[in-house]
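Q: Using the sequences and the hints, build the whole thing.
These protein sequences, in sequence, are chains H and V. For the first sequence, our numbering begins at 2 and goes up steadily by one. For the second sequence, our numbering begins at 139 and goes up steadily by one.
Honestly, the hints are just simulated from the structure, not real lab data. Virtual Cβ for every residue (Gly too), placed ideally from N, Cα, C. Heads up, some of the hints might be wrong.
To be verified - Computed from the model, here is a short list of chain V residues facing chain H with C-beta under 7 angstroms:
#	residue
1	Met161
2	Val164
3	Val171
4	Thr172
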Amino acid sequence: MTALATTVNVLHHAFRAGLADYREMFTWKSWAAGWMVRVIAQVSFFALLGERIGNEQTTYYLLIGNAILVAALTGVFSLNMTTAERWTGTLPLLVASPSSPVIVFSARGSYLAVDGALSALAALFIAGGIFGMDLPWPRVLAVVPLTAVVALAAFCFGTFLAGIVFRFRSINSLVVLTTQVTLMAACGINVPFSYYPDALEWFSRMLPVTNGLLAIRGVFDGADVATILGNAALEAAVAVGWMTIALASFNQLASRGRRDGSLDYGA
Amino acid sequence: MRAFSAAFRLQLRLIRSDPDYLMPLVTVPLFTVTFLDHLAESGRRDGSIEFASYLQDPRAQ
Chain H
2 MTALATTVNV
12 LHHAFRAGLA
22 DYREMFTWKS
32 WAAGWMVRVI
42 AQVSFFALLG
52 ERIGNEQTTY
62 YLLIGNAILV
72 AALTGVFSLN
82 MTTAERWTGT
92 LPLLVASPSS
102 PVIVFSARGS
112 YLAVDGALSA
122 LAALFIAGGI
132 FGMDLPWPRV
142 LAVVPLTAVV
152 ALAAFCFGTF
162 LAGIVFRFRS
172 INSLVVLTTQ
182 VTLMAACGIN
192 VPFSYYPDAL
202 EWFSRMLPVT
212 NGLLAIRGVF
222 DGADVATILG
232 NAALEAAVAV
242 GWMTIALASF
252 NQLASRGRRD
262 GSLDYGA
Chain V
139 MRAFSAAFRL
149 QLRLIRSDPD
159 YLMPLVTVPL
169 FTVTFLDHLA
179 ESGRRDGSIE
189 FASYLQDPRA
199 Q
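A: If you want it as structure tokens, here you go:
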């Protein structure tokens, strides 16, 4: 078996393991009546805040931003994969195996990117309908692939963070929460970039969500195709960039853990 | 004073052994910035002041 075929085989099995995990967590009923209700409530909370303090425009701005944020928050959860492997006691075995752990973690957690994109789109269209937001047909269909790119970028960023957590396991929860709140505060979710200092805008552009959200807002605002595609390409570049950094750093961090014996069992 | 400094040192040690204690220190300011952004950007600086006062003393509202 060639190296590529072996990698594809590992990716395939890790993805199936991830799907099996997910099926244990949710059924269709608990996903729709539990998880989605929570997501729509969160998006509606911000939309109601916009209605209370601003106008229709503010409401829709907050609704779109916070619905798309769901894709990113879910994608970033992929960094919990290392903790899950530690809990189940399979982490040292993974590190000792000939395959790179990052391949297993990224494939096993990739269902989160799919889940994030689906959750965000459902929240956007359901909450959008509830609040009477205009969904321009057929332009609005462009939001579907754009949300997928946002979820993918967040997932790649989460995979990079998984390497950090892999090495410094005690900061797992701190990293998850700080990342989520930072994305919420800095990525143009709640206020436009004109409100931020220039330096913060540059920082935000390197994070997932920012560029993809600008592309999605462009779809709703009737921006020209070149602007939308430009922002989408930047979001895809952010995804590739974070995954490249993850691939480059993960094995080094794992090797250090192997040297100092910190890849033990338990949380 | 000795009890205060001993308690402070103990808490620092706890934070070092479990960094999750730092979560409110990191997240509360960012959440505050997020919500004040809403108010200030909507031109509701009166609301920002009310919200900031509320954070200082919720019972005064």
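Q: Each hint needs a verdict: does it hold in this structure or not?
A: So, going through the hints one by one against the coordinates:
With 7 angstroms as the threshold, the beta carbon of Met161(V) comes within range of chain H, its nearest partner Cβ sitting at about 6 angstroms, so the hint holds. Interface hint at Val164(V): satisfied, since its Cβ lies 5 angstroms from the closest Cβ of chain H, which is below the 7 angstroms cut-off. Look at Val171(V): its Cβ gets to within about 5 angstroms of chain H, closer than 7 angstroms, so that hint holds up. Interface hint status for Thr172(V): upheld, as the beta-carbon distance to the closest one in chain H is roughly 5 angstroms, under 7 angstroms.
Comparing the model with each earlier hint shows no violations; every hint is respected.
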